[in-house]
Amino acid sequence: MDVQLISTTEAWAQFSVAGPNARKLLQKLVDQDISDAELPYMGCREITVCGGLRARIFRISFSGELAYEIAVPTRYGDALIRELVEQGREFDAVVYGTEALGVMRVEKGHVAGNELNGQSTALNMGLGKMVSKKKDSIGMVLSQREGMNDPNGYRLVGVKPVDPAQKLTAGSHFLEKGAAPVIANDLGWLTSVVHSPHLGCSIALGYLKKGDERRGQRLRSANLLAGAEVEVEIVSPHFFDPEGERLRG
Amino acid sequence: MAEHRLKPLCPLGGTSPARASIGPVTLTEVVDVALASVSARLGRTAEVAASAAAAGIPLPGPGRFEARAPFAAFWLSPDSWMVEAPFATHEDSRAALLPVFGDAASITEQTDAWVRIDVTGEGLPALFERLCNVDLATAPEGAATRTILEHMGVYVVKRGAAQVSVIGARSSAAALWHALDTAAHSVF
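Each protein sequence line maps, in turn, to chains A and B. Numbering follows the working numbering, with no gaps: position 249 of the first sequence is 249. Numbering follows the working numbering, with no gaps: position 50 of the second sequence is 50.
Please note that a few of the clues may not be correct.
[As the list claims (entries may be wrong)] Okay, the calculated beta carbon distance ranges per label pair:
id: 1; chain 1: B; residue 1: T26; chain 2: A; residue 2: F15; range: 30 to 40 Å
id: 2; chain 1: B; residue 1: G63; chain 2: A; residue 2: K209; range: 51 to 61 Å
id: 3; chain 1: B; residue 1: S171; chain 2: A; residue 2: K210; range: 57 to 67 Å
id: 4; chain 1: A; residue 1: D2; chain 2: B; residue 2: P140; range: 26 to 36 Å
id: 5; chain 1: B; residue 1: I148; chain 2: A; residue 2: G118; range: 50 to 60 Å
No wet-lab data here; the hints were simulated from the structure. Note that the structure is predicted; figures quoted are calculated from it, not measured. Cβ atoms here follow ideal geometry from the backbone N, Cα and C, with glycine treated the same way.
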């Protein structure tokens, strides 16, 4: 293969700008046209900002809204965020951190570190249809092994407490009602838990055996270390804007 | 580059580079050098060498640094080098090198990925023997190597008997400065 790799992570200061006014705010800084036509969803461009500083813009969304990421050489990172805050005043823009980001991506059902555990497959995550069987790809052969295609295997699900006042705990295991808490009865586990201000309760993503067939079922989520259990309902992992209308606007 | 309105900061966070003198040595944050990585593409090593020679850009061998004004370079790995040039004239380091190498090499801008702290003065071996495994006393001028300094991966470049550059990850600038400063206070 003729490929050369080198890290440039630290050479760029990169900011996510998310929300219905993201494009309007960025257009105030970006010297080029970044309309929907010029920069569609998943597009990326080399651009300049603020009168000629070279930068990169990516239209991607981790939080599930109209969103972009904009990168400048690191030495201008401080100046860029201050400029974004200043120019964002007319849109009531606020700076947000990784905790808020974590809540929003769980609400959207976007998998992240906890779900990408080195054993999980596209099928487990509900992304099986994104892997074309007509084309070869790295991992294609492995992905077709029997163990990777178990119809009773783990599938990504959304989890809500039946009593919205109860908090979920990540790492809790799914059990049927009345099942003894032993490995043989283990149906999977909660991978990520956040408090959702949108839904007003604790929510989670999890891997649940035959999860696709269990929508609406009530199960137990058991935290054996604390000796605690919460009754949960299995729902779609896409708690918010399931059709992605905000994403593609 | 066009005049734009954003103001830059140095890796240590100041608007001007940091400097400190401890006994006979001085630590200086160096911010006037642009960096670019150059990696020859498959089968084009000879072409890259020829282009570099024609442009006056040194591409030294393993463990070596070489300067040929306005350029300098040190070896990173087989067929890969970090090329230095004055920031004032080569600010967009990749754009400066693309005409030289064309598509024979993969070139990335590296300037802001790194913090460079130059340590100058007398007694440098006594300082560095506490910090990393580079034997400065016996290393020749122009020795350049990747090593670990206070748990951080860095390049140590012996530009001269009394000038050593420590080049580390920009986000660790404060930690690197602290390590050098503390060791210097300990030695001198």
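Comparing the hints with the structure gives:
Restraint check, T26 (chain B) to F15 (chain A): a C-beta distance of roughly 36 Å satisfies the suggested window 30 to 40 Å. For the hinted restraint 51 to 61 Å between G63 (chain B) and K209 (chain A), the CB-CB distance of approximately 55 Å keeps it satisfied. Checking the proposed 57 to 67 Å range against S171 (chain B) and K210 (chain A) shows it is violated: the Cβ atoms sit about 44 Å from each other. Between D2 (chain A) and P140 (chain B) the CB atoms are about 34 Å apart, so this pair conforms to the stated range of 26 to 36 Å.
Separated by about 27 Å at the C-beta atoms, I148 (chain B) and G118 (chain A) break the suggested range of 50 to 60 Å.
Checked against the numbered hints above, the structure breaks hints 3 and 5 and satisfies the rest.
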